[in-house]
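Visitor: For the record, the sequence lines run as chains A and B.
If you're matching positions, the first sequence starts at 1 in the working numbering and goes up one per residue.
If you're matching positions, the second sequence starts at 1001 in the working numbering and goes up one per residue.
To be clear, the hints were calculated from the coordinates, so they are not data collected in a lab.
The hints are all genuine.
One side of the interface only, derived from the structure: several residues of chain B facing chain A at Cβ under 10 Å:
hint	residue
1	L1056
2	I1082
3	R1085
4	R1110
Short derived list, chain B residues pointing at chain A, Cβ under 7 Å:
hint	residue
5	T1081
6	M1089
7	P1098
In silico lysine to aspartate or glutamate, EDC-like type, Cα no more than 16 Å apart, as pairs:
hint	chain 1	residue 1	chain 2	residue 2
8	B	K1093	A	E168
9	B	K1058	A	E168
10	B	K1058	A	E96
Keep in mind the model is a prediction, meaning the values are calculated, not measured.
We treat Cβ as the ideally placed atom computed from N, Cα and C, and that holds for glycine.
For reference, the chains in residue letters:
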Amino acid sequence: MRRLSPRTAQQIVVSIMWMLAAATVGTLVFIIAFILFHGLPHVTWEFLTQSPVSMGRKGGIFPMIVGTAMVSGLAVIIAAPIGVATAVYLTEYTRESRITAVIRFGADCLAGIPSIIFGLFGFVFFTITLGMGLSVLSGALTLALMVLPTIVRTSEEAIRAVPYAYREVSYGLGSTRWQMVTRVVLQSAMPGIFTGIVLSLGRSISETAAVMLTAGSALGLPSSLFDSSRTLALHFYILSREGVSMSNAYATASVLIISILVLNVFAYWLMHKLVRKPR
Amino acid sequence: MDFKIQTQDLNLTYGKFHALKDVQIQIKPQSITAIIGPSGCGKSTLLRCFNRMNELIKGVHITGRIHLDGKDIHSPDVDLTILRRRVGMVFQKPNPFPLSVFDNVTYGLRVHGVRRRSELEEAVESSLRATWLWDDVKDKLWGPALALSAEQQQRLCISRVVAVRPEVLLMDEPCSALDPIATGHIEDLMRSLADRYTIVIVTHNMQQAARVASECAFMLLGELVEFGPTIRIFENPKDKRTEDYVSGHYG
Ligand SMILES: Nc1ncnc2c1ncn2[C@@H]1O[C@H](COP(=O)(O)OP(=O)(O)OP(=O)(O)O)[C@@H](O)[C@H]1O
Ligand SMILES: [Mg+2]
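My request is simple: use the sequences and hints to build the entire structure.
Guide: Here it is, written out as structure tokens:
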């Protein structure tokens, strides 16, 4: 058999890789298009601004939008400072030791645990033991625990990628460690840290199992952190699983997908602004 | 004569490795002193002793004395941040922060608590003028420092140090990442700075040492072999090892 010329081999490999990439992107586009196709026609202004009627068969999803924003927003507000602080501590304030190894190992283990387990823990600990009940707060705390490892690890990577030379220069100019960390390291690592936080926000928004067990599935508009609230993802799950209304399920999914897309675009825009204008 | 920096029986070990052995050096104020020697002989290590940068490294142990203006820099009442402000350092690779030119130059001042806008602006102009960078960058003070050429970046790094008004400038092979023309410019700059600052430069380039330095130290395997006026070191070395090195018999 004649051997392929390097040129032909190259072309074959490139086309195979192109097809694989196209398949990945294609599947994604297909799923999104499918849901938007079935869902968007039902996404009306009323749908976005009204409360559900008869378990979601009619009416809108306004309380779920509010609930999702509260639960996920609060989760990230809690997890981000703790996660970033942990990463700073691990990278800048300790030398590698058994303790840092244990913390890192713990974070990796936590990251691999299925969300339902976090849900169960949140249910037992926040909801029952601490008496928070099925509430926005229980849900947010549970999600915060769930995304914490991601934030720690992504921040840590971002911080480690900051060249050692910057630290030397900063010390060389007489800065303290804290000044070095806040003005040089966090500044330079910001894009990476930010990406981790946005990823975590996305994960919190799309989580179902963990919020079902902790934030509950009440249909009403939550008026405080101690109210139960159903998130969009959970609402979608319940609507479709219980066959309440497939069109409303698709419409809810459309809203979910679009908000995650918008969130990502906004995040990247914001990040560019933060990085472009160094102060 | 009063020396700017003076060491006595300076010894430094990295773990078990003895990197500086009984180093005695006296550095004159307002002059350029060069440290030469083959790779790994401890030039950078010695330089980093003068602003206590070696302390960032784990396992470093230092004995002996280092005096700055006659005062021991290791004495407990020395404020490390003030010491490093007085003894500034320029590194081998141009390494501006990924910030604007303005923010690079003012970094040190801000760290030391200067907030007044006018004061910062004044410092930026005078430091950039001191390094002859002002005309090149005065219109791009808010542009990214990393967009400058390598030579401009290195001059920016020198401005960044000059901005905090140090007394001593430590330069560790400041030209090794630059082409010969840029190197010439930096050397001119060093000479122009020498009437205000005490400069200690590490270099692999013996011609460079001969061109800029009035005093020269030759190191070998952690020892300060010979130290004296540059001309004498090059033309009339007392030690056989110095002679071999300056005549090119070592790497
Ligand atoms: N952090 C460190 N840990 C252990 N040993 C080190 C460390 N830094 C330097 N050394 C060793 O100390 C010796 C002196 O190093 P130094 O960097 O001072 O040499 P140098 O003269 O500046 O060399 P070069 O010309 O290559 O820059 C070398 O043998 C080096 O291997
Ligand atoms: Mg060196």
